[in-house]
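Put chain B on the given structure of chain A with help from the hints.
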Amino acid sequence: MAFNRFVSHKAAVVSVFVMAILVIFVALSPFTARYGVNEAVQAPPNYFLTPRANAWLGTDDIGRDLYSRLIYGVRVSLVIGLFSAVISVVLGCLIGAVAGFRGGRFDDVVMRVTDLFLAFPFLVTLLVMRNVLGSIEWLRPIIGDLSSVRFIIVLFAVFGWMGVARIVRGQVLALKEREFIEAARAVGASRWYIVRRHLLPNSIGPIMVALTFSVVSAIISEATLAFFGYGPQAGDGATSLGILVGAAKSAVNPGFWWLAVFPCLTLVVIALSINFIGDALRDATDPRLQRDS
Amino acid sequence: MLRYVLRRLAWAVPTLLFITFLVYIALRTGTDPVASYKRVNARATPAKIQQYIDANGLDPNYVRGYFRWLGNFLTFDWPRSIKGSREVWPALKDALANTIRLGIAASAVGIVVGLMLGVFAALRPGGRRDVAVNTAAFVGISVPPYVSAILFQLLFAVYWSRWFGSTLFPTAGVYPPGHTGFDLALMAKHMVLPTFVVAIQIIAVYSRYMRSSLLDVLSSEYMRTARSKGISERRVLFKHGLRNALIPVVTIAALDVGAIVGGLIITENIFSYPGMGMYFLTAFGDGDFPLLMPWMVIIVFSTLMFNLLADISYAWLDPRIRLE
Chain A
1 MAFNRFVSHK
11 AAVVSVFVMA
21 ILVIFVALSP
31 FTARYGVNEA
41 VQAPPNYFLT
51 PRANAWLGTD
61 DIGRDLYSRL
71 IYGVRVSLVI
81 GLFSAVISVV
91 LGCLIGAVAG
101 FRGGRFDDVV
111 MRVTDLFLAF
121 PFLVTLLVMR
131 NVLGSIEWLR
141 PIIGDLSSVR
151 FIIVLFAVFG
161 WMGVARIVRG
171 QVLALKEREF
181 IEAARAVGAS
191 RWYIVRRHLL
201 PNSIGPIMVA
211 LTFSVVSAII
221 SEATLAFFGY
231 GPQAGDGATS
241 LGILVGAAKS
251 AVNPGFWWLA
261 VFPCLTLVVI
271 ALSINFIGDA
281 LRDATDPRLQ
291 RDS
Chain B
1 MLRYVLRRLA
11 WAVPTLLFIT
21 FLVYIALRTG
31 TDPVASYKRV
41 NARATPAKIQ
51 QYIDANGLDP
61 NYVRGYFRWL
71 GNFLTFDWPR
81 SIKGSREVWP
91 ALKDALANTI
101 RLGIAASAVG
111 IVVGLMLGVF
121 AALRPGGRRD
131 VAVNTAAFVG
141 ISVPPYVSAI
151 LFQLLFAVYW
161 SRWFGSTLFP
171 TAGVYPPGHT
181 GFDLALMAKH
191 MVLPTFVVAI
201 QIIAVYSRYM
211 RSSLLDVLSS
221 EYMRTARSKG
231 ISERRVLFKH
241 GLRNALIPVV
251 TIAALDVGAI
261 VGGLIITENI
271 FSYPGMGMYF
281 LTAFGDGDFP
291 LLMPWMVIIV
301 FSTLMFNLLA
311 DISYAWLDPR
321 IRLE
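These protein sequences, in sequence, are chains A and B. Under the working numbering, the first residue of the first sequence carries the number 1, and numbering increases by one thereafter. Under the working numbering, the first residue of the second sequence carries the number 1, and numbering increases by one thereafter.
This is chain A alone, in the form it adopts within the complex (with noise of 0.2 angstroms):
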């Protein structure tokens, strides 16, 4: 029934292929590349050649193939929003849960907290609480240094949470007062227990929405950041999206268009496609919508 009203959504079926296909490319990489990471397709004169036969997308400021860079740059940006929603999904549905059941005081701060965060502009967050994070000195060792893919991870996964509480918290809010959640607990089943066999399991729908569109802003996040300098510097010419989209603006000037077009268009049709997803995602679980077809 989900599952048909999911296929009907056109546009998510397409996006599963392109991401299926996109997924397929990155994993490959070691066969789907056609030079390493930090190599040069042809000695120099090599630098912004246009696109041809030996470097497909045209090649960048020190003769790098754009094709092969933008293969190993999604490859780390997949790895940094797969990971970090996962984290504050997971996160969020354990503290969105917690406060959404006990309510009080609790559930009174994380509201608050969550309000306070998604009150300021979120670049101007991320920057701060980046530097913040950053300066922690006993935190070093676990979450990496200010410019390594698992500061960023962990970054992201810290606010990353209250998006998805927020969620959580009024799913339970709704569900709780349910008959069967009564019945579970006149039975005597412990809080615990309601949490994790009624009330995360009915709001399984919601949450996989929100999964879907932490990935998105995590990976969009981690391009902003990158633009702006502050994101991810993995070592050894290594690249993420967000360093290539971030090049492009020192490409336009000049009217290097590829290296401003290509990046651009594959960080657009990811968070297109994962978008579509997720909006098929919601229609096909919220139980309201009876679309039948």
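DSSO-like cross-link-like pairs, simulated, lysine-lysine; straight-line CA separation at most 30 angstroms:
#1 B:Lys83 / B:Lys48
#2 B:Lys239 / B:Lys229
#3 A:Lys249 / B:Lys93
#4 B:Lys93 / B:Lys48
#5 A:Lys249 / B:Lys189
#6 B:Lys83 / B:Lys93
#7 A:Lys249 / B:Lys83
#8 B:Lys189 / B:Lys93
#9 B:Lys48 / B:Lys38
Hints were generated in silico from the structure; no laboratory data involved.
Chain B only, in chain A's frame:
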């Protein structure tokens, strides 16, 4: 109503103090203002450094330091910026004016076009134009502002001048370099691309809000009642449909200011537009504490005010809601 507004305003003061205190701590631990002062003024004497610490309230004790800073801030005794030792208020004032201008232009375009598209889509749900608007909105949401900014610059400035000899729109600043005085037409021309970039996001979001809100209203009972009374379809739509559909949208508009400011920060930076966003990113890059704190105060203050505005407009538009 008046009592409610007054009470909210009274509450805004402790909230503002509390949030600026948190921001103060975050900026102090995150940017280390004393270190960035020493970085710029490498040969500063200990007395100079002490004077800087006093002026900015950078006491080792955070609470005491915060009140110190607050005292200076309230008496308008603002310390000068670290870099270039400039007065903070003139720079902040100019940035604020530029951003407000860009923000109003972009919000006006974005909200008007977005609402119209939303209505357009909701009149025939599931139809071809509904699908078109929905898809376009999805694309708009998925395109980060810097991506659209880069592509616009590439198309309208760089390649346009290659194809047609002259650029269609300038891509940087408010005026061309070297220009002095006020020139509305020139300023408007510089604002076209940044306005459009910010407006895309707003259009995408509002067309979706408006569509779903109007669809909810159209399927409600009182619409059927209005029709059954024999009122013309046009009147039903405008008098009963649109007015009610706008209620949630207006509230969201006031609450969304944070998101719009976020888009402005990114856009301003790409177009070298001297607004609040450029101001923040430059000051943040230099770790310039005297510049950053007043900026934060303005952002927090405007967020609180727009929140209040959202609640008031909600009650004003919907008489069923009582603010007590």
